[in-house]
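**Q** Per our numbering, the sequence shown starts with residue 70, numbered consecutively.
Hints are supplied without guarantee of correctness; some may be wrong.
Computed list of lysine to aspartate or glutamate pairs in DMTMM-like fashion (alpha-carbon distance at most 20 Å, straight line) [unchecked claim]: (1) K302 / E182; (2) K268 / D200; (3) K256 / D197; (4) K256 / E295; (5) K256 / D231; (6) K284 / E269; (7) K284 / D172; (8) K288 / D172; (9) K256 / E189; (10) K302 / E222; (11) K288 / E222; (12) K256 / D194; (13) K199 / E295; (14) K256 / E222; (15) K256 / E182; (16) K302 / D277.
If you are wondering where the hints come from, they were derived from the structure by calculation, not from laboratory data. Because the structure is a prediction, the values reported are computed rather than measured.
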Amino acid sequence: MRSSLLDWLRRPSFWWLGRRRPADRRAASASSTGPQHAPDDGDYSPCAADYPVFPPPPPQSIMGNQTQYWESITARKFGAPQGVFEDSSLFALYRLYEFLVLDRVIDYRNCLEAFWRQREWAVQDIPDPKDSDAQRYAFLAGCTYLLLRSFNERVSLGLRRDNPSLITPEEAEAAKNVPDHLRPWEKVPEWAAAVPPVKETLVIPTLDGTVLANKADSKADPDFLEKNILLWKPHISFT
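Generate the whole structure from the sequences, applying the supplied hints.
**A** The following block contains the structure:
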């Protein structure tokens, strides 16, 4: 299933995974049995488990039931909630949130790349989720800073979100020489900057259960620390 999930994240549209080939029917992880598969006779009808429910649960709820929650993600065949037929930057932010809470590195990196390729989704324009859960709201805000850093890392290399898939060496060299003030730097949404830090430090373990000792650890993500969330600095680079 992992290969299908990554294919889903790389597609321009996220709500349909499509039918998988037998070679793709692998477990999503060592702790997951993967999804049930659509029947091959053409009689498949979507069910509630095929869709995400947004907003996702708060971080503590996900961390308290990681295996089952990951299985629910890998069982999805659509990227938007039931009855919604268009993806959005907010839905993409929710998916990034889920992968980060679960520390699914390959998946959140592919989520970052998929977001990058949606050139009309400016980071600063991600709608305010106006979340009533303080921890989830702070974590979602932290995710926008992660998008910012990841994308501006690309911009600093001369890349643009509206670049074609292939550019010539001459075009690449010209892009590197564009003055900084003319580059399309991303900004965080105003709502994300205004979200207050959580009152009690939220500690997010890695996939193998490792937690950082304290906020002074150099491996802690600085932007999440601003929201009082202790999180191992994610890998944000992609090609």
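**Q** What's the verdict on K284 and D172, does the C-alpha distance respect the 20 Å limit or exceed it?
**A** 18 Å, holds
**Q** Is K256 close enough to E182, meaning Cα to Cα at most 20 Å?
**A** Roughly 17 Å separates the two Cα atoms, so the pair holds.
**Q** Hinted pair, alpha-carbon criterion (20 Å max): K302, D277. Please report holds or violated.
**A** Holds - the C-alpha atoms of D277 and K302 are around 15 Å apart, at most 20 Å.
**Q** Holds or violated: are the alpha carbons of K256 and D194 at most 20 Å from each other?
**A** 9 Å, holds
**Q** Hint check: K268 vs D200, CA-CA at most 20 Å. Holds or violated?
**A** 16 Å, holds
**Q** Run the distance test for K199 versus E295: straight-line Cα separation, threshold 20 Å.
**A** Holds - the C-alpha atoms of E295 and K199 are around 19 Å apart, at most 20 Å.
**Q** Within 20 Å, alpha carbon to alpha carbon, are K256 and E222?
**A** OK: K256 and E222 at ~13 Å, within 20 Å.
**Q** Taking only the CA atoms, is the gap from K302 to E222 under or equal to 20 Å?
**A** It holds: about 15 Å lies between the C-alpha atoms, which stays within 20 Å.
**Q** When you check the alpha-carbon spacing of K256 and E189, does it fall within 20 Å?
**A** Roughly 14 Å between the alpha carbons, so the hint for K256 and E189 holds.
**Q** Taking 20 Å as the top limit, are the C-alpha atoms of K288 and D172 close enough?
**A** Between K288 and D172 the Cα gap is close to 14 Å, so the pair holds against 20 Å.
**Q** Next pair to validate is K256 with D231; report whether the Cα-Cα distance is within 20 Å.
**A** Measuring from Cα to Cα gives roughly 17 Å; hence the hint holds.
**Q** Under the criterion that the straight-line Cα-Cα distance not exceed 20 Å, is the pair K302, E182 satisfied?
**A** Measuring from Cα to Cα gives roughly 17 Å; hence the hint holds.
Checked against the numbered hints listed earlier, the structure breaks none of them; every hint is satisfied.
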